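S.K.: Each protein sequence line maps, in turn, to chains F and X.
When the letters of the first sequence are read in order and numbered with our numbering, they come out as residues 1 to 248.
When the letters of the second sequence are read in order and numbered with our numbering, they come out as residues 1 to 248.
FYI, nobody ran anything at the bench for these hints, they're computed from the structure.
Among the clues, some could well be false.
If chains are identical, the list can't say which one is meant, so a pair holds when it fits in one copy or spans any two.
[Unchecked claim] Simulated pairs of lysine-lysine, DSBU-like, Cα-Cα distance not exceeding 30 angstroms:
1) 187 x 48
2) 220 x 181
3) 187 x 60
4) 60 x 220
5) 187 x 220
6) 181 x 48
7) 48 x 220
Keep in mind that this is a model prediction, so the values were computed, not measured.
Now for the letters of each chain:
There are 2 protein chains.
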Amino acid sequence: MRRDALPENMPMPETPAPCRIAMVIFPRMTQLDLTGPFEVLARMPGAKVDLLWHHIEPVKDAQGLTFTPTATFSTYGTPDILFIPGGPGVLEAMQDEYLIAFVRSAGEGASLVTSVCTGSLVLGAAGLLKGKRATTHWGAIEQLALLGAIPTPERVVVDGNTVTGAGVTSGIDFGLAVVAKLHGEEKAREIQLQIEYDPHPPYDSGSVRSASPELVARLKRRSAGITEQRRAAAERIGRTLGAPGSAR
Amino acid sequence: MRRDALPENMPMPETPAPCRIAMVIFPRMTQLDLTGPFEVLARMPGAKVDLLWHHIEPVKDAQGLTFTPTATFSTYGTPDILFIPGGPGVLEAMQDEYLIAFVRSAGEGASLVTSVCTGSLVLGAAGLLKGKRATTHWGAIEQLALLGAIPTPERVVVDGNTVTGAGVTSGIDFGLAVVAKLHGEEKAREIQLQIEYDPHPPYDSGSVRSASPELVARLKRRSAGITEQRRAAAERIGRTLGAPGSAR
Numbered sequence: 001m002r003r004d005a006l007p008e009n010m011p012m013p014e015t016p017a018p019c020r021i022a023m024v025i026f027p028r029m030t031q032l033d034l035t036g037p038f039e040v041l042a043r044m045p046g047a048k049v050d051l052l053w054h055h056i057e058p059v060k061d062a063q064g065l066t067f068t069p070t071a072t073f074s075t076y077g078t079p080d081i082l083f084i085p086g087g088p089g090v091l092e093a094m095q096d097e098y099l100i101a102f103v104r105s106a107g108e109g110a111s112l113v114t115s116v117c118t119g120s121l122v123l124g125a126a127g128l129l130k131g132k133r134a135t136t137h138w139g140a141i142e143q144l145a146l147l148g149a150i151p152t153p154e155r156v157v158v159d160g161n162t163v164t165g166a167g168v169t170s171g172i173d174f175g176l177a178v179v180a181k182l183h184g185e186e187k188a189r190e191i192q193l194q195i196e197y198d199p200h201p202p203y204d205s206g207s208v209r210s211a212s213p214e215l216v217a218r219l220k221r222r223s224a225g226i227t228e229q230r231r232a233a234a235e236r237i238g239r240t241l242g243a244p245g246s247a248r
Numbered sequence: 001m002r003r004d005a006l007p008e009n010m011p012m013p014e015t016p017a018p019c020r021i022a023m024v025i026f027p028r029m030t031q032l033d034l035t036g037p038f039e040v041l042a043r044m045p046g047a048k049v050d051l052l053w054h055h056i057e058p059v060k061d062a063q064g065l066t067f068t069p070t071a072t073f074s075t076y077g078t079p080d081i082l083f084i085p086g087g088p089g090v091l092e093a094m095q096d097e098y099l100i101a102f103v104r105s106a107g108e109g110a111s112l113v114t115s116v117c118t119g120s121l122v123l124g125a126a127g128l129l130k131g132k133r134a135t136t137h138w139g140a141i142e143q144l145a146l147l148g149a150i151p152t153p154e155r156v157v158v159d160g161n162t163v164t165g166a167g168v169t170s171g172i173d174f175g176l177a178v179v180a181k182l183h184g185e186e187k188a189r190e191i192q193l194q195i196e197y198d199p200h201p202p203y204d205s206g207s208v209r210s211a212s213p214e215l216v217a218r219l220k221r222r223s224a225g226i227t228e229q230r231r232a233a234a235e236r237i238g239r240t241l242g243a244p245g246s247a248r
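Whole structure, please, built from the sequences with the hints as guidance.
M.R.: Following this line, the structure appears as structure tokens:
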């Protein structure tokens with residue numbers, strides 16, 4: 001899959017090497033965790049992106065947007081890139097034995113193991129993050145340790161063949177980092193210009209470091225229920241993995 | 001639909017006023033033009049987002065991602081917010097008489113008329129941008145004049161009840177601007193933190209002002225065919241609208 005950047009004067013081969021990208025989907029995922037990276041990764045030479053679920057039947061994201069799988073866990077085989085989005089549905093996905101078995105097997109064979117947002121907790125639940133530096137949504141960052149990972153609160157974290165992105169919109173930064181890793185900086189710059197990625201957030205409120213403490217506290221209170229459920233699940237799964245962070 | 005920001009100590013009503021958001025979809029749209037704004041707008045209080053197409057049948061974006069409409073042009077009625085994404089398929093959408101008739105009618109009744117990327121050319125083709133400041137993808141900015149708009153190469157442009165975003169990823173900035181307009185700055189800051197919108201582009205290559213002239217020229221060459229087709233269509237449609245920019 002990997003193709004190093006070609007010298008300027010060498011023509012691109014007409015048919016680039018195929019790159020099979022498996023994006024796992026599940027009910028109540030956060031769709032932008034998936035669609036941001038999709039927009040970037042699908043523009044790589046040779047990219048063949050599939051959305052994977054148990055069956056070929058529509059899956060609704062947390063806000064009700066419908067996605068249609070193009071492949072199933074049982075028939076897809078091994079991807080070049082494994083990708084997992086996050087969202088409220090991660091709580092169920094972490095505990096879905098068949099989904100986790102696919103993620104483990106696909107992740108062991110893939111060239112790159114990747115996620116955005118709380119998707120990293122699914123990678124962790126499959127035992128793929130033991131001893132690895134990884135990131136996730138700010139509201140879940142401590143929970144990575146329960147699954148044996150080293151929580152690293154950065155926007156995009158690369159550790160060997162593992163690439164994880166922080167919350168939701170980090171998927172665009174994540175995607176460009178993957179493109180640069182596989183195809184070089186010039187291809188990443190090209191895709192960045194195609195998608196006019198010149199962000200101008202209207203406020204400085206996008207991270208726990210910049211938002212007001214009151215706002216951070218309010219959002220933490222509002223998601224306290226699901227955060228606690230996910231923590232308990234991560235702790236239980238971490239114990240079965242023998243993850244040191246889960247020890248009492 | 002519009003609810004001004006409530007005083008800090010006033011409880012939010014339990015059932016927020018509904019806000020019907022009509023997002024037009026079409027084959028070969030660029031899905032992130034749609035999914036970025038969807039993620040932000042669907043989090044507004046009372047948001048009821050529909051994807052609209054001629055029929056309830058799957059529509060594939062330019063990279064093959066499938067979307068399922070939830071409503072049709074003939075039965076939806078008038079939205080509170082009309083939204084149009086862009087993408088290569090804009091060339092056909094601009095010339096789709098039934099789609100354009102819906103956009104014109106919905107836009108005349110909507111509280112907000114909006115687009116991201118080349119979606120503004122669809123608004124323009126429906127006669128909704130005459131004399132209005134508007135933006136679009138950098139590769140199409142001059143073509144807005146052919147449809148009677150005032151090309152304004154900024155990330156998000158607000159002119160009265162018209163809000164347009166530039167290329168693809170601008171949809172997130174656009175979405176937050178719409179939230180701020182309808183629900184105030186604090187709600188926009190809250191959604192910004194939920195989606196961890198603290199962008200860190202790996203390169204400074206996201207606009208024609210920052211990318212290298214060689215890269216801009218290469219991308220312009222590569223899209224010259226579709227750019228010329230779209231220009232010719234805009235010029236022809238502009239003449240039927242009596243748009244001054246289309247005069248020879």
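S.K.: A separate judgement is required for each hint: does it hold in the structure or not?
M.R.: How the hints compare with the structure:
1. Taking the closest pair of Cα atoms, residue 187 and residue 48 come within 30 angstroms of each other only inside a single copy of the chain (17 angstroms); across copies the shortest separation is 38 angstroms, beyond that limit.
2. Taking the closest pair of Cα atoms, residue 220 and residue 181 come within 30 angstroms of each other only across two copies (25 angstroms); inside a single copy the shortest separation is 34 angstroms, beyond that limit.
3. For a Cα distance limit of 30 angstroms, the shortest separation of residue 187 from residue 60 across copies, 25 angstroms, qualifies, whereas the shortest one inside one copy, 33 angstroms, does not.
4. Taking identical chains as interchangeable, the C-alpha atoms of residue 60 and residue 220 lie at most 30 angstroms apart only when both belong to the same chain, with a minimum of 25 angstroms there against 37 angstroms between chains.
5. Within a single copy, residue 187 and residue 220 get their C-alpha atoms only as close as 39 angstroms, which misses the 30 angstroms cut-off; across copies the closest is 15 angstroms, which meets it.
6. Taking the shortest Cα distances, residue 181 and residue 48 sit within 30 angstroms of each other inside one copy (17 angstroms), while across copies they are farther apart (39 angstroms).
7. In this assembly of identical chains, the alpha carbons of residue 48 and residue 220 lie at most 30 angstroms apart only when taken from different copies (25 angstroms versus 38 angstroms within one copy).
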